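Novice: Take a look at the letters that make up each chain.
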Amino acid sequence: MTLRRLAILQWVGLMLGAWVWGAQHALGWGITEATCNSGHAAAGIDHDLWQAILAATAGALVLGGGAAAIAVLRATRETSYESAPPLGRMRFGAIAALPANVIFLMIILLDGLASIFNLACRQA
Amino acid sequence: MRRLLVLAPAVLFLSGCRRAQNSLEPRSHQSHVIANLFWWMMGGAWIGLALVVFLLLLSRARANRRGFGRDTEGLKPAERPGWYVVVGAGIAMPIVLLSTLFVIADLFVIRTTEAPAKSATRLTVQVIGHQWWWEVRYRGTDAVTANEIHIPVRTPVRLEVRSDDVIHSFWVPELNRKIDLEPGTTNAIELDADRVGRYRGQCAEFCGLQHAHMGMYVFVDSRAAFRRWLAHEAKPAAAPESALARRGARMFATGSCATCHTIHGTSATSNVGPDLTHVAGRTTLAAVTIDNDEQNLAAWIAHSQSIKPGNEMPDIELRGARLDAVVAYLRGLK
Amino acid sequence: MTDYVAGGRRLDEVPRTTEAAEALAVSRALRARLGPPAACWGMLILIASEGMLFAAFIATYYYLRFTSPEWPQDGLPAPKVLVPLILVGCLIATSVPMQLASRAARGGRLVATRLFLLAALVVQSGYFAYEVHDFQDQLRKFDIGRNAYSSIYYTLLGADHAHVALGILFNLWLLGKLARGLTTYRANATQAIAWYWHAVNLITLAVIGTLLSANV
Amino acid sequence: MAVATPPTPTAGERVDRLELMWQSRPGVLGWLTTTDHKKIGLLYFWATLVFFAAGGVEALLIRTQLSQPNEKLVSPNTYDQLFTMHGITMIFFFIIPMSTGAFGNYLIPLMIGARDMAFPRMNALSFWLFAASGIFIYTSLFLGIAPNAGWFNYVPLANRQFDTGRNIDFYSLGIIFNSISSTLTAGQFIVTIFKSRAPGMSLNRMPLFCFAYLAASLGLLFALPVLSADTILLFLDRNVGTHFFDVAHGGSALLWQHLFWFFGHPEVYILIVPAMGIATSIIPAFTQRKMVAFPLVAIAELLVVFIGFGVWAHHMFATGMPTISLVFFAAATAMVVIPSTIQVFAWCWSMVTGTARFRTPLLFIAGFIFMFVTGGLTGIMFLAIPFDQQVTDTYFVIAHFHYIIFGAAVFPLFGGMYYWFPKVTGKLYYELPGQISFWILFVGTNLLFFPMHIVGLLGMPRRVYTYSDGLGWTAYNLAETIGGYVTLVGILLLLGNLAASYFRGAPAGPDPWHGPTLEWATSSPPPDYDFPVIPKVTSAYPNWDPADRQEDRRKLAEGVLVLDEGHEQVATSPVDGLFAEIVEMPHESPWPIILALTVSLVFTMLVLQKFGVAAVMAVLCVLALLGWHSKEPQES
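Chains as they are written, first to last, in our numbering: chain A, 1 to 124; chain B, 1 to 334; chain C, 1 to 216; chain D, 1 to 636.
Treat the hints as calculated values from the structure; they're not laboratory data. Predicted model only: the values in this text are computed from it and were never measured. It is possible that part of the hints are untrue.
Said to hold, decoys possible - Not the full set, but computed from the structure, chain D residues with beta-carbon under 8 Å of chain B:
1. Arg289
2. Thr341
3. Gln389
For each residue, glycine too, the CB sits at the ideal point set by N, CA and C.
The shape of chain A in the complex, shown without the other chains (with noise of 0.2 Å):
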């Protein structure tokens, strides 16, 4: 693999799960508030379906976060995250993106579930 593409693969394994949970956060939260709210957006929104595509588009997006992250992984096996970049800095972005790939990927299940399971607009 050369190292641009490497280079681009480690970047979207570090911010893509960023990205798309900021998205799917702020997105999610506005499709709740337009429908249970009075004003004009409210107007037919079947919220949970639309959830529901959220989440599961926005779970996908951050798997293929990881699975950028997991490919420079295997790409860098035998360079250490101490040793000197490029490689060294792409192992040692490639290792911090797995956890926060995981996170991100949690949130959203979280939220897709609670957001599906409770009843639309009952004041909690």
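Using the hints provided, position chains B, C and D relative to the given structure of chain A.
Specialist: Chains B, C and D only, in chain A's frame:
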């Protein structure tokens, strides 16, 4: 006289009654599940803390050993165990535990504490927050009271709360979690008490100078007693009986009192302050700040600003016989 | 000396950029440098913080919209669509001369830099003048204190115009500097200010888009 | 005869030239115009200590008022101003400026092998703005019209209708004023960490301290503008007649809370992350062991702030939002814990498998871990929405966040004061009093804050100026008050110890702890130019690479990377630390303090509602900026 007989048992019961607001002494299904949730979480918390303290003590016990794990002397400590600990105890374990807690609390427990659906309960009580007292109305009746809410025992009650000025928060820990009183929107919460008694509550959202003195009592009565109370509360005020009280009534209607307070069945119909139609039937004054007896009532009328500084009611220029008259009248409003 | 390597480069390859005080030296120094100067990073910081400010205002707009039964409130007229869009188009077009100016400066071409900046400045000033005039017109129709809609409408618009005005001041200052020749410092400034304008143009697009969304 | 070729200067001569190039003006004028990150760090340190004292006095007055039921020490009005100012002071004028302004300013350039910040004059500006904003907001307290609606200042209580005085205008303007300063500091750190690292210090070789400060700075940069937006809207509502928060005219009261907590929750992580950074620098030094799972700790420090942006509504669980909205924030609240657990176990395991020397700094870090875990475990409980709704706005929450903000955010600051004291002063502190001060603080803090959990569960709401007897709160409150005074004793002992050590301490030498990072590679206190040679970096623990330090000494003799021909600093590429360019750095300048003065004039006029005059003052600011940029580096 008959009215006195009705109220007497209640008064006797209250005199020997606890005044606490302890979230760990649940008196309703809702508070009960919340308290259970807490006890479980606290148990887990102690275990977690113990684990970390153990590691800290372990490091202290093994401190100052020569020649072990000094990167700086080329004696590299093993790397792998550290990774196992961090990934296992630092990532895997908490993810499992936290997800479990999330599912239990926010998917299942929350079903019990959520606001009830509009049609779910037969009785609906409206609570309107004011700086710094609670206005209480009973949907479908003329009953209006303040700071002392009566509900029937073992009966789900839908409480609809909103605020007339700033944000307050309705909180009676022994009966349920809290709910904010927002201006412009109506929030709801369910009260469903297990047993007869008096439960103390207090405003929980900072709402200005006298936030500290914005208490309330929830009286959980037997269903029969509640029906009697509600029926009586919905009636207009009793006519003054003694001459003194009649004089007080005139002064109330013509004086400054009527500019803020309502007494049903009289010309006083202003809604700035609490409704006084049955003020003598309440156990406390000024939102559970002082007990409702003759001296306190007189003191409150004459010096409310020194009892509850900054509250909306000014010190009234009534002294001596004139004050006694108004007090006599109000004490008659059972 | 020459055989020393630090941070992946032979030391004699590394330029002393800020010394350059004359067009040719500037272009040579900047070609030898890696990546944009700290000035541009500083500008990125400003852009990030201003971007968040507008993000907050725009979020406010939609939060108020979602929570109010009618929008615009009190039957106020929704803003006109065509003219604002054309104007924003003109403003965004100025990103081109700004970018060209930035490249010219780094290439040591002083005259070109001045001309591109001037071209951009003319359009930007025209846009600003019209918008200020239009702002006053609208205030006569309904004022900022009418309701929440009018409040957020004028706040968003006013904040955006303020940023355009600031950019115009930047360009004036820059032209003043460039009147006394080209230095690395001025080349860096041109690059950073070009970035500022790209950001302001995008922000303007977002703001106008938000305000026009009242029509749908 | 080699007369034509001048003799190459010796190392000594080169150092003399650096001295000459970098020395700053003597005396008061030198301090007013300095751009030296170390001097600015010290200015921050002293200024924030003053605010710490103010906030502490406020806290003790609050505790004394609550020591027993129906106490009448202060009036309700005074009490409201006290707890509001206590919150504002400790967050905006003590912890943030102490951890970023003081520690960050002093240490970041030393840790990355730079000679100064990327924007030295902007650095000075941010300090003077900070000082001015502090004076600005404290003026209101001395006039008796301080902010009085709590540090999160909910509307409508804070709006004109219910708060007619100037109090809240001081709040909104003071907050914006202070945000400008914090934003400058944050941007400063981000650019410095990305652009000024010594060549070769790629991201995977950057000290964890810098990761932590990068995280905190990014957090500030993206959170503060939202707070400014919120306070701007409030200022407009109160002074221009807009209706953002006015329900009667289509506004929303919850809007304030959303915007505020979008800032407010990241803020609490921003408070804690520098503390984590200090912990990750003290632990390796006192265990002589590299941090376990370095990459995970690094990413954890960034993640805790990033995910912290997604949890804000867990401060609003009782506002009656729909359950399906709340769960998004509850889920994030659950998972934001993971980065912290990663770090806790990394710290603990490093201490277990290293050779821990429990000197005072490490004691404070151990105390920090204990307090952080305690506060964290109560924090976890808030992801259970029903329980959060039961205890929110009670003393249970007060207990939770004081364990985090005092126990976890401030203890490492104390530990750091001891740890870097030899570097800053060149003297050793007294060990025994140091350890005693720790134990007093540890006991006092737990006595002060632990009973708050119980009293909260017993139903005591926060922000009550008094309470009546017979609710079962009295004994706990008394205990808390006693704990408060014990804590005071501990702090006084700590400061007294440092003061005594400053005058009588034994000389420390450059590296008393055999520390891992570059600040220990230069003399104590560091010279104005920080390092005679731009250091070579091949790992995240450069001071434990003796070969590289040898090479630095050799380079000095040969004059390689000494940069003694100008007031110069290296700039590198942001990710891999490639050597990008050599840039001339600005000298000390009067413009920062002048600009700060003009800005304070603007804010003063705004709070006096003299908007026309304020506009004129704004023109002065522009003129000051023109003066600032009148001189270019190559002209110096």
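Novice: Less than 8 Å between beta-carbons is the criterion; does Arg289 of chain D satisfy it with respect to chain B?
Specialist: This interface hint holds because 5 Å falls under the 8 Å limit.
Novice: Just to be careful: measuring from the Cβ of Thr341 of chain D to every Cβ in chain B, is the smallest value less than 8 Å?
Specialist: Hint holds; Thr341 of chain D Cβ to chain B Cβ min 5 Å, cut 8 Å.
Novice: Hey, does the Gln389 of chain D contact hint survive, CB to chain B under 8 Å?
Specialist: Holds: closest Cβ of chain B sits about 4 Å from Gln389 of chain D, inside 8 Å.
Checked against the numbered hints given earlier, the structure satisfies every one of them.
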